[in-house]
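Colleague: Build the full structure now, drawing on both the sequences and the hints.
Top to bottom, those sequences are chains D and V. Okay, so the first sequence: first residue is 1 according to this note's numbering, each after it adds one. Okay, so the second sequence: first residue is 1 according to this note's numbering, each after it adds one.
Accuracy of the hints is not assured; some may be wrong.
Stated by the list, open to error - Straight line, CA to CA, 25 Å or less: simulated DSS-like cross-link-like pairs of lysine-lysine: (1) 298/V with 368/D; (2) 351/D with 59/V; (3) 59/V with 227/V; (4) 298/V with 103/V; (5) 298/D with 327/V; (6) 327/V with 368/V; (7) 327/D with 298/V; (8) 327/D with 314/D; (9) 336/D with 298/V; (10) 298/D with 336/V; (11) 314/D with 298/V; (12) 227/V with 244/V; (13) 157/V with 145/V; (14) 351/D with 421/D.
Claimed, not checked - These stretches of chain V come out as covered by chain D in the derived footprint (C-beta under 8 Å, 3 or more residues): (15) 227-234; (16) 274-286; (17) 290-302; (18) 315-321; (19) 329-339; (20) 409-420; (21) 429-442.
Said to hold, decoys possible - Only some residues are given here: those of chain V computed to face chain D with a beta carbon under 8 Å: (22) 52; (23) 305; (24) 325.
Just so you know, the hints here were simulated from the structure itself, not pulled from any lab data. We put the CB at the ideal spot given by N, CA and C, even for glycine.
These are the residues of each chain, in order.
There are 2 protein chains.
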Amino acid sequence: MKMIIMAGGAGTRLWPLSRTYFPKQFLTLSGMEKSIFQMTIERCLLMGSIKDIYLVTSKDYLHLIQGQIGDLGLTLPQEQILLEPEAKNTLPAIFYAVQAINKTGGDICAVFASDHVIEQPQVLADTILGASQLASKGFVCFGLKPASPETSFGYIKQGTTVQGGFEVAEFKEKPDYETACRYVKDGYLWNSGMFMFHSKQFTEAVKTYAPEVYKAFQAETVEEKFKNTPSISIDYGLTEKMEKVYGVPMLMNWNDIGNFTTFYDRYQSKQDENGNVNFNDEIMLDSRNNLVYSEGDKAVAMIGVNDLVVIDQKDALLVTHRDQSSKVKDVVDILKQRKDERADLHLTVFKPWGAYTILEDSEYHKVKRLTVYPGQRLSSQMHYYRSEHWIVVKGTADVMLGDKDHIVRTGECIYIKVEEKHRLANPGNEPLEVIEVQTGSYFGEDDIVRFDDDYIR
Amino acid sequence: MKMIIMAGGAGTRLWPLSRTYFPKQFLTLSGMEKSIFQMTIERCLLMGSIKDIYLVTSKDYLHLIQGQIGDLGLTLPQEQILLEPEAKNTLPAIFYAVQAINKTGGDICAVFASDHVIEQPQVLADTILGASQLASKGFVCFGLKPASPETSFGYIKQGTTVQGGFEVAEFKEKPDYETACRYVKDGYLWNSGMFMFHSKQFTEAVKTYAPEVYKAFQAETVEEKFKNTPSISIDYGLTEKMEKVYGVPMLMNWNDIGNFTTFYDRYQSKQDENGNVNFNDEIMLDSRNNLVYSEGDKAVAMIGVNDLVVIDQKDALLVTHRDQSSKVKDVVDILKQRKDERADLHLTVFKPWGAYTILEDSEYHKVKRLTVYPGQRLSSQMHYYRSEHWIVVKGTADVMLGDKDHIVRTGECIYIKVEEKHRLANPGNEPLEVIEVQTGSYFGEDDIVRFDDDYIR
Numbered sequence: 001m002k003m004i005i006m007a008g009g010a011g012t013r014l015w016p017l018s019r020t021y022f023p024k025q026f027l028t029l030s031g032m033e034k035s036i037f038q039m040t041i042e043r044c045l046l047m048g049s050i051k052d053i054y055l056v057t058s059k060d061y062l063h064l065i066q067g068q069i070g071d072l073g074l075t076l077p078q079e080q081i082l083l084e085p086e087a088k089n090t091l092p093a094i095f096y097a098v099q100a101i102n103k104t105g106g107d108i109c110a111v112f113a114s115d116h117v118i119e120q121p122q123v124l125a126d127t128i129l130g131a132s133q134l135a136s137k138g139f140v141c142f143g144l145k146p147a148s149p150e151t152s153f154g155y156i157k158q159g160t161t162v163q164g165g166f167e168v169a170e171f172k173e174k175p176d177y178e179t180a181c182r183y184v185k186d187g188y189l190w191n192s193g194m195f196m197f198h199s200k201q202f203t204e205a206v207k208t209y210a211p212e213v214y215k216a217f218q219a220e221t222v223e224e225k226f227k228n229t230p231s232i233s234i235d236y237g238l239t240e241k242m243e244k245v246y247g248v249p250m251l252m253n254w255n256d257i258g259n260f261t262t263f264y265d266r267y268q269s270k271q272d273e274n275g276n277v278n279f280n281d282e283i284m285l286d287s288r289n290n291l292v293y294s295e296g297d298k299a300v301a302m303i304g305v306n307d308l309v310v311i312d313q314k315d316a317l318l319v320t321h322r323d324q325s326s327k328v329k330d331v332v333d334i335l336k337q338r339k340d341e342r343a344d345l346h347l348t349v350f351k352p353w354g355a356y357t358i359l360e361d362s363e364y365h366k367v368k369r370l371t372v373y374p375g376q377r378l379s380s381q382m383h384y385y386r387s388e389h390w391i392v393v394k395g396t397a398d399v400m401l402g403d404k405d406h407i408v409r410t411g412e413c414i415y416i417k418v419e420e421k422h423r424l425a426n427p428g429n430e431p432l433e434v435i436e437v438q439t440g441s442y443f444g445e446d447d448i449v450r451f452d453d454d455y456i457r
Numbered sequence: 001m002k003m004i005i006m007a008g009g010a011g012t013r014l015w016p017l018s019r020t021y022f023p024k025q026f027l028t029l030s031g032m033e034k035s036i037f038q039m040t041i042e043r044c045l046l047m048g049s050i051k052d053i054y055l056v057t058s059k060d061y062l063h064l065i066q067g068q069i070g071d072l073g074l075t076l077p078q079e080q081i082l083l084e085p086e087a088k089n090t091l092p093a094i095f096y097a098v099q100a101i102n103k104t105g106g107d108i109c110a111v112f113a114s115d116h117v118i119e120q121p122q123v124l125a126d127t128i129l130g131a132s133q134l135a136s137k138g139f140v141c142f143g144l145k146p147a148s149p150e151t152s153f154g155y156i157k158q159g160t161t162v163q164g165g166f167e168v169a170e171f172k173e174k175p176d177y178e179t180a181c182r183y184v185k186d187g188y189l190w191n192s193g194m195f196m197f198h199s200k201q202f203t204e205a206v207k208t209y210a211p212e213v214y215k216a217f218q219a220e221t222v223e224e225k226f227k228n229t230p231s232i233s234i235d236y237g238l239t240e241k242m243e244k245v246y247g248v249p250m251l252m253n254w255n256d257i258g259n260f261t262t263f264y265d266r267y268q269s270k271q272d273e274n275g276n277v278n279f280n281d282e283i284m285l286d287s288r289n290n291l292v293y294s295e296g297d298k299a300v301a302m303i304g305v306n307d308l309v310v311i312d313q314k315d316a317l318l319v320t321h322r323d324q325s326s327k328v329k330d331v332v333d334i335l336k337q338r339k340d341e342r343a344d345l346h347l348t349v350f351k352p353w354g355a356y357t358i359l360e361d362s363e364y365h366k367v368k369r370l371t372v373y374p375g376q377r378l379s380s381q382m383h384y385y386r387s388e389h390w391i392v393v394k395g396t397a398d399v400m401l402g403d404k405d406h407i408v409r410t411g412e413c414i415y416i417k418v419e420e421k422h423r424l425a426n427p428g429n430e431p432l433e434v435i436e437v438q439t440g441s442y443f444g445e446d447d448i449v450r451f452d453d454d455y456i457r
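Modeller: So, in structure tokens, the structure goes:
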């Protein structure tokens, strides 16, 4: 069996935790040791091996994916990471992976989102593995027992029982609240967004029910495929149109952390006697049913407030009523209109070679902390408007200045003059940390002249 | 006329804006160019000259006071800055200044708090100057027209009218809410905490009505005076006991910014159409009557919340309902119990030579920005557990290493080894700014061995 993980989603609904270039699947939530994406990978390893995993994502997230897979001690072969040239919703994304799998001869495929939080991974794995027989017969979707009458999900009406599941009588997308209540009462299931099918049969189904997608995907290059295909979800484009779809119930808790309301629900078990959820011993006086999520190095106090979600990051703060958190996307839209970078980036920006964090930024200086992963190096580069001092605070650096190499050890410093060609590398086995102090007249990221780059930027 | 400014108050009620070692009088509020203390000094200059000003304060605030007076381009002679060895409330504080004034022959004195926000300073100055005749006859207090039935203030009942004011019929301390409403209806005035008297008459009054304070203050040293005196306010110790006190109405707006409720009132004129007060274009969706006060370099958004005060600092965040802000002192108490330094200090800590700001602090490194005032220098010192790189980002530094002096210019760096004696000085006319990167095994402020210090610490 092959596993297809869709990891291209750009989440804005958890801003400021998530940003355009750091969607929620890459977040490591408080109390977790791994990111949501990493846990998705580990879940897949309960059902198969890394060589059976196909990732569909955007090139914007490639280095995040490689970094987070690397942190698990794993390597995913380049040909199993499929980069969408543009976002065209789920049907083209899945079909992209299906075509790749067909090239290897075809197989049963299971499709997963990368941003779901699953507390019982073994239940999921057992259900998926148990459904392979049914998936060899036709298209299978997985239904979850509704925890509440959610209006933002799709619902599955169960029909005739078959061996290992049921026939789907009907799909119902995003009902109104009253209808959702009726669905829950009548035993409808949430459509989980997980699917299973044989890749050859899937291809036939696309040909029959989504001929424009099929036609576009006959092109030679992936750029052409995505340029010509309509943007369409698997639900609208395929599942709802197919004559026969099987359903399998999945008996576990599930949370898509779609907004801060469900985010709060996720931490229900962590509530104190006043219904407050907090992680860093925040001070709560006369306050009830709040969630406080801070970076942990800050003194936070709340007095006389109820039902708030407070998300504090070094560069951004959100205070929202718990029931109004769906408006977070409006906040992101306003920031984008203002061309405010904090819609898109954190203070810590991940790069293929590691990450940097801005510690201070003024008109006459800028201070950054650089982290370089073991064995990685930045591009060779120079700047017209700034000189830089690099102080190694952890590990050992290999610094090229002009044509000469210098080893700079912990506690040592090296100076890079204006217009001097330089390159920073980590020759060691542990992350390298460097404090960079820039002085000069301009500190923008566009004052970088690149000569050579390991990551083809 | 002499002016006595009481600047010893340790405000905790505006945490995290104010801290134990940075009380509210030293804050420069949004939209202001000067601190509350500096505006108090400037108000006094409407009534006299700097040589007529006597400051009573704690030694903890001496460098803040000298720095802020220096920023005004003024110098207050050392003998007019009176340092209380310990806090013993207002009567001993004022008597300390009165004794100093008596030594110069005695004079009419006006007493002011350093932490009041006065929007019509000229009205205050005219009222004070107009009251000197009355003050030569006896003790004068100043009454403000109540803006609301406050229960935390004292009230003055007006008696017989006299030339330039009235005789006080009665003082009423902190009434309950119903009584306060009646007082406001019956024309009582708020007791402003400003007083006027002749220093010799004041001394006689202390002898008569507060003999224990008088006796204690016959001691030779200021340490003994403060050690032996009871802790007592001028209201309880003197004003309420005196047979005859004059009152003068002061017809102006006044705000003591005693908590975030009055802090919000202070900015009433800045409210937008939804009653929100904010200073940095914060995003407010479906939110009313909130005050957001951030450091300005952060994206802040509020959704669906009402009547909140949100105070965001780099190291601390307060979210309080506007009517509950009196509990801020409980937050500070909790922090103190936890021995959390953020009760006492900001990330930026003011020193006699300037200030430092912690930019990052980990177990293996620490990054600070140092600001050294023109002509000032730090103590000569050394560290056992850390080496330091100093990168000058603004101005020119004079660095002593061992016995040798080095000039370090903007963009240059100098290295201080473990156990090497060193000293940083600013020989220039503008503030010097240095990024300090510490590496080593321990970064506490107690790993400083001081050899010589300009400020006798």
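Colleague: The structure should be examined with respect to each hint, and the outcome stated for every one.
Modeller: Results for each hint:
Distance restraint check for residue 298/V and residue 368/D: the Cα-Cα separation of roughly 17 Å lies within the 25 Å cut-off, and the hinted pair is therefore satisfied. Taking the CA atoms of residue 351/D and residue 59/V, the gap is about 50 Å. The hint is violated against a cut of 25 Å. This hinted pair checks out: residue 59/V and residue 227/V have alpha carbons roughly 16 Å apart, not beyond 25 Å. Taken as a hint, the residue 298/V and residue 103/V pair is broken in the structure, with Cα atoms around 53 Å apart against an allowance of 25 Å.
The straight-line distance between the Cα atoms of residue 298/D and residue 327/V is roughly 19 Å, inside the 25 Å bound, and the hint therefore holds. A distance of roughly 33 Å separates the Cα atoms of residue 327/V and residue 368/V; the hinted pair therefore is violated under the 25 Å criterion. Annotation: proposed proximity of residue 327/D to residue 298/V holds, straight-line Cα distance about 19 Å (limit 25 Å). Taken as a hint, the residue 327/D and residue 314/D pair is honoured in the structure, with Cα atoms around 21 Å apart against an allowance of 25 Å.
Between the alpha carbons of residue 336/D and residue 298/V the distance comes to roughly 15 Å, so the proposed pair stays at or under 25 Å and holds. With a C-alpha separation of about 15 Å, the suggested pairing of residue 298/D with residue 336/V holds against the 25 Å cut-off. Under the criterion of a C-alpha separation no larger than 25 Å, the hint pairing residue 314/D with residue 298/V is consistent with the structure, at around 8 Å. For the proposed pair residue 227/V and residue 244/V, the alpha carbon gap of about 30 Å is over 25 Å, so the pair is violated.
For the hint linking residue 157/V to residue 145/V, the alpha-carbon distance of about 12 Å falls within 25 Å, and the restraint holds. Restraint check for residue 351/D and residue 421/D: satisfied, since their Cα atoms lie roughly 20 Å apart, inside the 25 Å limit. Using a Cβ-Cβ cut-off of 8 Å, 0 residues of the segment 227-234 of chain V lie near chain D, which falls short of the minimum of three, so the contact claim is violated. With 3 residues having a Cβ less than 8 Å from any Cβ of chain D, the segment 274-286 of chain V passes the three-residue criterion, so the hint holds.
Residues of the segment 290-302 of chain V lying with their CB closer than 8 Å to a CB of chain D number 7, which satisfies the three-residue condition for coverage. With a threshold of 8 Å between beta carbons, the proposed coverage of the segment 315-321 of chain V by chain D holds, since 7 of its residues qualify and at least three are required. For a cut-off of 8 Å, the count of residues in the segment 329-339 of chain V with a CB near a CB of chain D stands at 4, and the three-residue condition holds. By the rule of at least three residues with a Cβ nearer than 8 Å to a Cβ of chain D, the coverage given for the segment 409-420 of chain V holds, with 4 such residues.
Check result for the segment 429-442 of chain V against chain D: holds, 5 residues qualifying (beta carbon to beta carbon below 8 Å, three or more required). A least Cβ separation of about 40 Å between residue 52/V and chain D goes past the 8 Å threshold, and the interface hint is therefore violated. Hint status for residue 305/V: holds, given a least beta-carbon distance of 5 Å to chain D, under 8 Å. The closest approach between the C-beta of residue 325/V and any C-beta of chain D is roughly 7 Å, which is under the 8 Å cut-off, so the hint is satisfied.
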